[in-house]
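Here the sequence shown is numbered in our numbering, starting from 1063 and rising by one per residue.
Just so you know, these hints were derived from the structure itself, not from any lab.
You may find that some hints are simply not true.
Calculated pairs, DSSO-like style, for lysine-lysine (alpha carbon to alpha carbon, straight line, at most 30 Å) [as the list claims (entries may be wrong)]:
1. Lys1064 to Lys1240
2. Lys1275 to Lys1080
3. Lys1240 to Lys1117
4. Lys1275 to Lys1237
5. Lys1080 to Lys1064
Label pairs and their computed distance ranges (CB to CB) [stated by the list, open to error]:
6. Tyr1112 to Ile1066: 20 to 30 Å
7. Ile1272 to Pro1073: 14 to 24 Å
8. Ile1212 to Trp1115: 15 to 25 Å
9. Leu1225 to Leu1076: 11 to 21 Å
Where a beta carbon is used, it is the ideal one built from N, C-alpha and C, also for glycine.
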Amino acid sequence: MKPILGTQINPAQLLSHKLIAGWVFNERAGIYCKDISENNNRAQFYSGHYPVWQKEGLDFGVINDSQITIESPNIPNIGTGQYTIFTKINYIRNNFSGLFNFYDGLQQYNPSWGINDSYKMYIYDSSWEGYSTSILDTGIVTLAWVRQGIGTGQVKLYINGILDAQITHSDSINKPTKLDIGSDGYKTTSGTFDGVMHCLYLYNRALSDIEIKQLHIDPYSMFRQTPIWMFDYTSGGGSTIAAMQYYKNILQKAMQ
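Please work from the sequences and hints to get the whole structure.
Written out as structure tokens, the structure reads:
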């Protein structure tokens, strides 16, 4: 179940470890999307190309070329090290293209980009380097790209929590100067995602098979459980105003 706005992640939960950026798209209104990590990578709707809020997330397919952007992101240099990108999407239209893009000032890096006409999933980073032969049915899907090893490592593609394809990969992902979500960075109709994105997470480590499976089952398991509060408005001072302040203090302490 998607967490309510303001719910914090649990730092003791393993899936919170080395989460360097993440968005759950639970704002339901406005032009900003909060980063659930500690790096404050707030995403903003790209000028004039606004996705549409849905209950389950952001719909990038209603308006052509819609996307959101993080300018000057607070993300470390990944280089040839490990990373994981995880997303849960719902695509119901014909085009499935750009999901996420790094830009380092010189070159686009799209480790989670693209399909061909048969809906075969490619792994793209500077050049076409491999693809899965799986045909993705329309509907809700979780995807994860995991780069293991240092230097020339393996990039693995997981579909619905199951390893589907892998390639040898050596390109470096430098510290990005900009991130695009819902686009391959070129801002063209053919390079934008046509569907609903529920969440998107970026890790500075390679998640294990078990962790990928856990995210597929419950992408929001790293969040604190939200307590259910029953209010007695006569408590904490004998008046409604005093009682509201009393419970406000309790809630603030619980969220710390």
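Are the Cα atoms of Lys1080 and Lys1064 separated by 30 Å or less? Answer holds: Lys1080 to Lys1064 is near 21 Å, not above 30 Å.
Are the Cα atoms of Lys1275 and Lys1237 separated by 30 Å or less? holds, 28 Å
Is 14 to 24 Å respected by the C-beta to C-beta distance linking Ile1272 and Pro1073? holds, 20 Å
Evaluate the given range 15 to 25 Å for the C-beta pair formed by Ile1212 and Trp1115. violated, 40 Å
Quick one, are Lys1275 and Lys1080 close enough, alpha carbons at most 30 Å? holds, 18 Å
Hint check: Lys1064 vs Lys1240, CA-CA at most 30 Å. Holds or violated? Holds, because 27 Å separates the two Cα atoms, which is no more than 30 Å.
Distance restraint hint 20 to 30 Å, applied to the beta-carbon atoms of Tyr1112 and Ile1066: holds, 23 Å
Given the proposed pairing of Lys1240 with Lys1117, does the C-alpha separation stay at or below 30 Å? holds, 27 Å
Evaluate the given range 11 to 21 Å for the C-beta pair formed by Leu1225 and Leu1076. holds, 20 Å
The structure is inconsistent with hint 8 alone, although it conforms to all the rest.
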